[in-house]
Amino acid sequence: MSAVGKTYPPVGYVVGREKVREYAHAVGETDPLYLDPEAARAAGHRDVVAPPMFAVVYSTPAVFPAFFDPEVGIDFPRMVHGGQEFAWGPLVVAGDEITTEAELVDVSERGGVGFFVFETRSDNQDGERVCTGKWTCIVRGE
Amino acid sequence: MEVPELRVTPDRYVTVRYAGASGDFNPIHVDEEFARSVGLPGRILHGLWTMAQVARAQTEAAGGPEALRSLSVQFRGMGVPEQEVVVTSTVREEADGVAVVDAEARQGDTRIVRRGVAELRLP
Chain A
1 MSAVGKTYPP VGYVVGREKV REYAHAVGET DPLYLDPEAA RAAGHRDVVA
51 PPMFAVVYST PAVFPAFFDP EVGIDFPRMV HGGQEFAWGP LVVAGDEITT
101 EAELVDVSER GGVGFFVFET RSDNQDGERV CTGKWTCIVR GE
Chain B
1 MEVPELRVTP DRYVTVRYAG ASGDFNPIHV DEEFARSVGL PGRILHGLWT
51 MAQVARAQTE AAGGPEALRS LSVQFRGMGV PEQEVVVTST VREEADGVAV
101 VDAEARQGDT RIVRRGVAEL RLP
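Quick mapping for you: the protein sequence lines, in order, are chains A and B.
According to our numbering, numbering within the first sequence proceeds without interruption in unit steps and concludes at 142.
According to our numbering, numbering within the second sequence proceeds without interruption in unit steps and concludes at 123.
These are computed hints drawn from the structure, not numbers from a lab.
Note that the Cβ used here is the ideal one computed from N, Cα and C, for glycine as well.
Please note that a few of the clues may not be correct.
Computed Cβ-Cβ distance ranges for the label pairs, DEER-style [said to hold, decoys possible]: (1) B:Arg36 with A:Asp69: 15 to 21 Å; (2) B:Arg36 with A:Gly141: 34 to 40 Å; (3) B:Glu82 with A:Glu128: 38 to 44 Å; (4) A:Phe115 with B:Gly23: 41 to 47 Å; (5) A:Gly89 with B:Gln83: 33 to 39 Å; (6) B:Arg12 with A:Ala42: 32 to 38 Å.
Derived SDA-like pairs: lysine to any residue, alpha-carbon spacing no greater than 20 Å straight-line [stated by the list, open to error]: (7) A:Lys134 with B:Gln74; (8) A:Lys134 with B:Arg69; (9) A:Lys134 with A:Val72; (10) A:Lys134 with B:Val117; (11) A:Lys134 with B:Arg76; (12) A:Lys19 with B:Arg17; (13) A:Lys134 with A:Glu85; (14) A:Lys19 with B:Ala19; (15) A:Lys134 with B:Glu104; (16) A:Lys19 with A:Pro37; (17) A:Lys19 with B:Gly20; (18) A:Lys19 with B:Val16; (19) A:Lys19 with B:Thr90; (20) A:Lys19 with B:Tyr13; (21) A:Lys134 with B:Asp102; (22) A:Lys6 with A:Gly112; (23) A:Lys19 with B:Gly23; (24) A:Lys134 with B:Tyr13; (25) A:Lys19 with A:Thr30; (26) A:Lys134 with B:Glu119; (27) A:Lys134 with A:Val4; (28) A:Lys19 with A:Pro32; (29) A:Lys134 with A:Gly5; (30) A:Lys134 with B:Glu32; (31) A:Lys134 with B:Arg17; (32) A:Lys6 with A:Pro37; (33) A:Lys134 with B:Asp24; (34) A:Lys134 with B:Val100; (35) A:Lys19 with B:Asp24; (36) A:Lys6 with A:Phe115; (37) A:Lys134 with A:Val105; (38) A:Lys6 with A:Ile74; (39) A:Lys6 with A:Ala26; (40) A:Lys134 with B:Gln83.
Bound conformation, chain A alone (with noise of 0.2 Å):
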C-alpha cells in the first residue's frame, strides 16, 4: 500500500495540571502523585505526574487525523481499535510540552481483514521520547 510510510504533521500539547487529575479521576486512580502538587514536589517532582496512559490524551490529536486519511482509506463505520502498545520513558508532568509525530507503519490484510498500525513518537520540550505508540485499527470486510 502506498500510504505505508507517510507522516502527519507533529502537534504540540501542553500538559495541564487540571487535565492530569480530570483524566486520573475518570480511569480510577488515586495515587497522590497524579493528584497532588504538594505530594508529587515531595516526590521529586515539578508538579502532578500524568498516569503513563495519559499518554493517550497527549498523542490522539496527532494520530486522529491519520485515521480519517483518505489516502489511508480507513472506512470508519466498520473499524475498531484492535490493539494498543505503548513503551515509556521518562514521566510526563504537569507544564511539559509534548510533541507527538504519528506514522502509518504498516498496514496488511488476512482473511478479508484490514490492519491499519500507526506509530506516535512523542517527544518532551527536552527532546526526551516520553512515549511511543503502536495503534492498531481492525477493519472487517464487506
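Starting from the structure of chain A, add chain B where the hints point.
Showing chain B alone in chain A's frame:
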C-alpha cells in the same frame, strides 16, 4: 514480585467522564440510542479505559508510574458499564531488573482485554 488482581465496577457514566478526559467522543461510548442502532447492546466502554485499568494494576503493584516501561494489549469482546471488570496478571519472568507480566481483563466470561504484556522495572 506479584501483581494482585484488580477489581473495578465502572459506573453508569464512566464512559462520559472518560470521553471528556480523553477526547474520544465516539457515540458508541456515550449515546445509548446510537449504540443500539449499530447493533451494540448499549454504550460500550472505551478500550483505552479498560487498558488504563490494566496499567493501574501494574503501577500499583510495582510502586508507581516510573516502573511501567511498556504495555501492549489486544481488544476483543466489548466491555459495558455497571459490570465488574477483573484484571488478572501473572509474572512470566524476572530478569535483569525487569519483570514481564501477562495480563488480561474480563467481565464475567468475556475477555475484553487479552494478550496483555507489561514490562515492569523491578525495585
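Please write out, lowest number first, the hints stated earlier that are contradicted by the structure. 1, 2, 4, 19, 22, 24, 30, 31, 32, 39 and 40
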